[in-house]
Amino acid sequence: MSESKTVTLNMGPHHPATHGVLRVVLELDGETIVNATPVIGYLHRGIEKICESRTYQQILPLTDRLDYSAASANNLGYCLAVEKLMGIEAPKRAQYLRVIMAELARIMGHHLWLGTHALDIGAMTVIFYAFRDREMIMAMNEEISGYRLTPSFIRIGGLAYDATDDFIQKVRKFVQWFPKALEGYHQLLTDNKIWTTRTMNIGKISAAEAINHGLTGPSLRGSGVAYDVRKAFPYSSYEDFDFKVPIGETGDVYDRYLVRMEEFKQSIGIIGQAIENLPSGPVFTDNPWLANPSLEEVQSDISALIRRFMINSKGTPVPGGELYSAVEGAKGELGFYLVGDGSEHPYRLKIRSSCFYLASALPRLLVGHMVADAIAIIGSLDVVLGEIDR
Amino acid sequence: MNDLIIIPIIKLLVIFGVCMLFITYTTWLERKALGHFQLRYGPMRVGYHGLLQPIADGIKNFFKEEVVPDNADRAVFLLAPVISISLAVMLLAVIPFGDSFTLFGKRIDLYLANPSIGILFILGFATIGSYGTILGGWSSGNKYGYMGGLRASAMIISYELSMAFAVVSIIMVTGSFSLVDMVAAQHHMWNIVREPVAFLVFLISGIAELNRTPFDMPEAESELCCGYNIEYSSMKFSLFFLAEYTHLFVFASLVTTLFLGGWHGPILPGVVWFFVKTFIVIFLCIWIRATIPRLRYDKVMKLEWKFLLPVALANVIATGVVLTLFG
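Going down the list, the protein sequences come from chains F and B.
With this note's numbering, the residue at position 305 of the first sequence is 305, and numbering never jumps.
With this note's numbering, the residue at position 97 of the second sequence is 97, and numbering never jumps.
Because the hints were derived from the structure by calculation, they are not lab data.
If you're wondering where the values come from, they're calculated on a predicted model, not measured in any experiment.
Where hints are given, some of them may not hold.
Unchecked claim - If the Cβ cut is set under 7 Å, some of the chain F residues that face chain B in the computed set are:
hint : residue
1    : Lys5
2    : Leu9
3    : Pro13
4    : Ile40
5    : Gly41
6    : Thr125
7    : Phe128
All residues carry an ideal CB built from backbone N, CA and C; glycine is no exception.
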């Protein structure tokens, strides 16, 4: 009986805990994982290829569908890349509102993570408390853009509209309410003995290894590396706000949990500062290649009519050149490598998806643990397949 | 003649009917209570506040297509839910629901049978019932089901021990294996006061035996996607589901009988007290499910062998010492 046989277990793509359509082929000895191979590609929509035949403006709704749990952050990353290539900058008010949208998106993404992560470990109530508050952000998205999940509110050159008073009121209310809700999440999980035994010392990864695997975002910070694109390479006026980059110590599931829970708090702090110090002024750049003429202008001025027609049907020519521009998405560094050839559509748009690197670290993290831990580890990395598969 | 055949048959029908209704509505209660714990309403559409939902679900499952996987062991696969439900329902036979009363000059006991080994009957049949789970998981021809069945067998073997030892201390206090005697012995003082440790051990290992959160290893929907019943559909699934809730009901009534004084209680009739106490225990189980995360499989085993079993054993010894010295 010295020979032990392993069992191959196909976890996913249809599995309640693999968050979408991730498939992990596990080789099990009893319940212990001896080998793990993530298989991706079940949600491939060819977004990068589609981008090459779309105008820059038309690409924007596609970016919503990358990390759909935190859509505004993707919009921001893409718009910043195009703006950088064009050499323009959005007005200050737009930048602040962008920060609010991106941080709201981060909180939304973390809500989804918290709920599903807890659900995977068996605490089935947390998700409903998280989604109660996520619903409030959805309502804000709807108020400001008309869409709940995929706002496409941040546009190249600024914003789709100015913020309504109702939106600002809603954000203010949320900033006041959310710390209380966060306290509730902590009470449900943080000190729970079962929660800590399920998460502590599980899926450990050292800082050096995490960097080697290309981890970014909360999963990297859980290992104790204070790298945050918002601090390292501030964009969209993030340097104006006072916030901390929470880091963990041991790099286990529990540390990644604590880092994200602290990020909730920092994000709501940023939103609070931004909404109170919201500058006045326009929300769209005055670049004639981007700014749509108003309807009154269009009806009285033939050149405005032509310009509006050109922007909306032919698109905006962006100068040639290539650049890499990154933002801190909810899951980590979301980068856009953009090559322009002077036409209205990009020659190539490569998206650096943080989730791809997180998923690639799965074999390293899963081996040696049990099936139940695999669920906890996948949950703690917070991969979103929309971003991996593109 | 009447006493031997007609009355037992009427009692059988009444007990089966009432209990099955109660059990069916336990599923409604669970969904409703979980809903309210989780900031939602639960079933609302079928009938007033979803009251007809269990019946609608039953009808729906009845008309669903029977699916048997190709690589399943067909005979065992079909037999497993039957084992589960029939053995679960059998447990209802020995539970004393209330005090005896006189009707048309006849003494009627509110239980179907009062074997002198009532508690052993329950422990035994509850364990045999777990064959349904094990065989169901094993015969599905599905790896998740197989792992669920494997976990179920390990769980039942382990938690049976501490549960039995918790019961042993009650038997020592009562001096009888009969459930009716056990209730009668609690007329002045409930066993929960005399045996608080045994109560806690019984509660924990009972929840584990029921495969409910935080010990829902065999199903663990997020790990094994429902484990042993993953391949089951239509009425076969319903039978598993019903068996599970029957076990929950039996467990709650056992807690009531062994520790909470059974049908004893002031003013209201005994049957009402019995169902009120059973309801409270069931609600406690639902509350636990809504609050606590799931333990990991190996930790569950550790909890049993390294904590619950020694505690239950020590409690038996302590009970023996106290009984010898002061009893």
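Okay, the hints, checked on the actual structure:
1. Lys5: Cβ of F/Lys5 sits 13 Å from chain B, so the hint is violated.
2. Leu9: holds (5 Å)
3. Pro13: violated (12 Å)
4. Ile40: With Cβ-Cβ at 20 Å, over 7 Å, it is violated.
5. Gly41: With Cβ-Cβ at 22 Å, over 7 Å, it is violated.
6. Thr125: holds (5 Å)
7. Phe128: holds (4 Å)
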